Structure formats: structure tokens, C-alpha cells
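From first to last, the protein sequence lines are chains P and U. 895 is the number of the first residue of the first sequence in this note's numbering; add one for each residue after it. 73 is the number of the first residue of the second sequence in this note's numbering; add one for each residue after it.
If you are wondering where the hints come from, they were derived from the structure by calculation, not from laboratory data. The model shown is predicted, which means the values in this text are computed figures rather than measured ones. Glycine is no exception: its CB is placed at the ideal position from the N, C-alpha and C atoms. A few of these clues could be false.
Once the Cα atoms are required to be at most 20 Å apart in a straight line, the calculated EDC-like pairs of lysine to aspartate or glutamate come out as [said to hold, decoys possible]:
id, chain 1, residue 1, chain 2, residue 2
1, P, K1023, U, D278
2, P, K953, U, D278
3, U, K289, P, E960
4, P, K967, U, D107
5, P, K967, P, D936
6, P, K1023, U, D107
7, U, K251, U, D278
8, P, K903, P, E947
9, P, K1018, U, D288
10, P, K1004, U, E317
11, U, K99, U, D199
12, P, K1004, U, D288
13, U, K289, P, E928
14, P, K1004, P, E969
15, P, K967, P, E941
16, P, K962, P, D926
17, P, K962, P, E929
18, P, K962, U, D107
19, P, K1018, U, D340
20, P, K1023, U, D164
21, P, K962, U, D316
22, P, K1023, U, D245
23, P, K1018, U, D199
24, P, K1004, U, E86
25, P, K1018, U, D245
26, U, K289, P, D1002
27, U, K264, P, D1014
28, P, K962, U, E317
29, P, K1018, U, D164
30, P, K1023, U, E87
31, P, K1023, U, D288
If you want the footprint, here are the derived chain P segments under chain U, 3+ residues with CB under 8 Å [said to hold, decoys possible]:
id, stretch
32, 936 to 944
33, 1026 to 1034
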Amino acid sequence: MENINPEIKEVVRTDRTLEDNAFIEEIEDEIDTEEVFDLIRDITDPEHPLTLEQLNVVKKQQISVENKRRLIKVEFTPTIPHCSMSTIIGLCIRVRLMRSLPNRWKVDVKIFPGTHQSEDALNKQLNDKERCIAALENPALRKVVNRCLEDCD
Amino acid sequence: GGRLEEVACLSGHEERIWNANWSPCGKYLATASADKTVRIWREIPGQSGKWECCSLLEGTHNRTVREVEWSPDGKFLATASFDATTYIWAADRSEITPLLPLEGHENEVKSVSWDATSRSLATSGRDKSVWIWQLEPDGEWEVVSVLHGHSQDVKSVQWHPKRECLLSASYDDTIRVWKEGDDDWYCSETLKGHTGTVWETSFCGDGAHFVSCSDDKTLRFWRRSAVKGIPNAFRWESVSIVGDEHLRTIFSVDWNKSNGLIATGDGDNHVRVFQMDAVWGLDSDTPQVVAVARDSDTHTGDVNCVRWNPVHADMLVSVSDDCTARIWRYVPPS
């Protein structure tokens, strides 16, 4: 384990009001940053029994959604700048969104600028769909990803 | 401009389709999918516009089939798979049957390409290497060469139409040109210019130009130029760039060998068609390439591959993450 004592964020849940939900159902094609955040906040860290939200790896303000182009961009912050788990975390975010959203949605997963020493290489890898898909055909890796996604939903 | 009319939509694959290629006679279409199978499709005889899956090749690969290509003589089919093998199939019988696997790549094979003679194959993969295989008179396939040079996985290989050279496109953002020397194959040039993964290359009919497509959202056109002072020597130079048409990664490009049209498939679900401007055409120092048609957002996922029919020059196929293959007819401006 690399980061033995990560900073943990107090998580406060605020349920959406009824009006909000009704609004979302009506326009089913529209998605907002809150919905995207809800999909990924409970992904478990590969090393700690904590969620990506608790570890401050994902934040609502680091998600952007362009409904017209059906484009979602998620930036995440590794807990330490040389975190070797960043590929797995990025892959988990991508897989979670891939499995939850219709495939006409385009997803870009990136490192929050300046928070990892191999930022460019990681961004390239995480956004190469062939590499991501091939990685998921690897049984050992798929098991790790599935375990991180167990507590979602 | 012209337009793309949808002729047929082929459903049957259970997962994303990565690649498609036409038989040399133009009648059959092979598609390769993440569902580990290859499907062969044809237009039902006597029923124009109605297509059927006439053959399902399954049980041979145990992971994604990444590419499928017919040999130019129509006798063989080759399939490249993430299971680290390339399979050779006999295609000149009533049924397409697996002959033998070509083994050697360490892991995922990402591309396979036949040379013009149908006797040599090139493959490439995640292990950063390019392999050249040759069919021996006894029916065995020999490894002729294993080419190293790329620093990252090799996304695709493409033979020159007259076998002058072999191109490989890579995640390392470069294209390498390989040639046969006295003893062995060697890298004669490394072409730089793209600022992202190069996904695919395609030659024009006479092999004097080729086009490459990339994650950097551009198409680059390359021209073969004589090297001054050295007879019969040439190098490739980038002559023009299409940089303002695609919004996401361009996964596939195919140059129509008979009418010169260029089709692309991209990560924004689109199929597009380009042509050389009549005034500033191929012979000019700065050929201009203009967009002439785009589909109307029919695929609901990335378009992974586009291929023109070798016989019916206005017919195009596109395959997608949405698990369908679509046949299009290009209608030129009236």
C-alpha cells in the first residue's frame, strides 16, 4: 500500500427533491453533473475500504457535461502524485459510466491537471478505448475492477 | 455536396464490431466483433437491398476478434484476435473453415494485412512488434521477419498495393515504413507529425499517396517523393492535413481505389466522405481535400471501421460500437 494514511472527507448526503427527479424523468436524454457524480462517488478505492468521494479523488466540480454533444468529462485527483493505482481508478470510473449510460454518451476520463507525475501517459492510456477494452478482457484486472464497483447502485 | 444513403443495417453481432472487409469479388462482407465471432454477410440473391448473415465463424477465437481480411485472390481469410493468435481460414470452399493459427505475438494481435500476392501477411500487436509471415509451397506459414522499432503498441499494418513497402501505425504517434532489404526487412523511415495515436493508414489506387488518421482528430496525406541524387529512392512527405472536420478520434480511413473518395469513421458516431479538390488535386504540391458527405447520425456508437466495396465503387460499409454494420451508397452531387 502506497498511501497508508490518506485524508478522508466527511461525506454528507443530500437527497434530491421530488421536483428535481420528476424533471429528470421527463427529459431522459439530459444528464447533469450531479447524476454523473452519483454514479461514481461510491466506487471503492482499490487499496482502501473507502469510496472515491471519501478520498476526495472525485468531486462534483471536476465533472462537466455537455448535453448537446452528449459529452461527459470526469477529472479525478490521485491521492498522491505517484499513485500507481491511478490507472485502475480511471478504468473503474470509465467502466462504471460505460455500464450505466447508453453508449451514445462519450466519456473522457482525465487526471486533474497537475496532480500526477505521469499525467500525459495516464490520460492517453485511459482514453484509448482499445486498451481499456483489452484490459477488461484480462480476468485478473476485471476482478479488481468489479470489486471496486461492488458497492455502487 | 453528395450524400450517403443507407442501403441496409445488419444486426446479429452481440457486442461491438471492430472491423469489416469485403471479399475481392465484392459480394461478401466479413465483420469481426468483440463477441469473439466473425460473420459473413451477403445481399440475398434476387432481393435488392435485403442482406443476410450467410455464415457465422465461432468457437475458434476465445477473445475479441479485432480484424478480418480476405486475401486478394479470395482463397483465404485471416483473423487477428486479442487471444494472441492470427487464424488463417480456407475461403474457397462452400464453407469457410479454419486452417491453422499463426502464433508468436506475446498478447493482443491488433491488425492483419495481406500483400498483393496473397502469399505474405503482416500482423501487429500490443507487444510493439510487426511480424511478416509467408506461405510456403507445403502450405505451412513461416515467420520471415519480426520487426521492432515502435515504442508502443502497433495499431495497424497496411501493405503498399504493389508491395513496395509496409506501413505500421502506432500508439507512439508515428508511422513506420518497412522495406525488404538484401537480408531482412528494415525500417526505412519513421513518419512524425500526428500528435496522438495513429489508428490506421490507407493507400490510394496507384500507391503514390496514402492517408493516415489519428486520435489528434486529423487526417494527414502523405506523398511519395524521389530523393535527389539517389536513383529509385523515395521518401514520404506530409502534403496536407484535414484538421477541422472531426470532433473526436478518427478510428478508420479508407481510400477508394477506383474513384479516389476517402471515407472516415470516428468516435463521434459519424461516417464522412472526402474528395480531392478538382483544381488542387493529387498532383499539386498542396492537395486540397474537401468534405463532400456525412451520414445523418445513424450509428449510436463509435464508428470503428469503414471500407469501400472493391467492385461496387459507390458502396461503403461502416461498423460500430452499436453492434451494427451499415451499408451505404454514396450519391454524388447532381
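Hint by hint, here is what the structure shows:
1. P/K1023 / U/D278: Given that 20 Å is the threshold and the Cα spacing comes to 33 Å, the pair is violated.
2. P/K953 / U/D278: Violated: P/K953 and U/D278 sit about 54 Å apart, past 20 Å.
3. U/K289 / P/E960: holds, 19 Å
4. P/K967 / U/D107: violated, 28 Å
5. P/K967 / P/D936: Judged against 20 Å, a Cα distance of about 18 Å means the pair holds.
6. P/K1023 / U/D107: holds, 16 Å
7. U/K251 / U/D278: Roughly 18 Å between the alpha carbons, so the hint for U/K251 and U/D278 holds.
8. P/K903 / P/E947: With a Cα-Cα distance of about 7 Å, the restraint between P/K903 and P/E947 holds, given a limit of 20 Å.
9. P/K1018 / U/D288: Status holds; Cα separation ~11 Å.
10. P/K1004 / U/E317: Violated. P/K1004 to U/E317 sits at ~24 Å, over the 20 Å cutoff.
11. U/K99 / U/D199: violated, 35 Å
12. P/K1004 / U/D288: holds, 16 Å
13. U/K289 / P/E928: violated, 30 Å
14. P/K1004 / P/E969: holds, 5 Å
15. P/K967 / P/E941: Violated, at roughly 24 Å.
16. P/K962 / P/D926: holds, 12 Å
17. P/K962 / P/E929: OK: P/K962 and P/E929 at ~16 Å, within 20 Å.
18. P/K962 / U/D107: violated, 31 Å
19. P/K1018 / U/D340: Holds - the C-alpha atoms of U/D340 and P/K1018 are around 18 Å apart, at most 20 Å.
20. P/K1023 / U/D164: violated, 35 Å
21. P/K962 / U/D316: Holds, at about 19 Å.
22. P/K1023 / U/D245: holds, 16 Å
23. P/K1018 / U/D199: holds, 17 Å
24. P/K1004 / U/E86: violated, 29 Å
25. P/K1018 / U/D245: holds, 11 Å
26. U/K289 / P/D1002: holds, 15 Å
27. U/K264 / P/D1014: holds, 19 Å
28. P/K962 / U/E317: holds, 18 Å
29. P/K1018 / U/D164: Judged against 20 Å, a Cα distance of about 42 Å means the pair is violated.
30. P/K1023 / U/E87: holds, 14 Å
31. P/K1023 / U/D288: holds, 14 Å
32. 936 to 944: Check failed, 0 qualifying residues.
33. 1026 to 1034: Coverage by chain U holds here, the residue count being 3 at a Cβ distance below 8 Å.
Hint compliance for this structure: hints 1, 2, 4, 10, 11, 13, 15, 18, 20, 24, 29, 32 are broken, all remaining hints hold.
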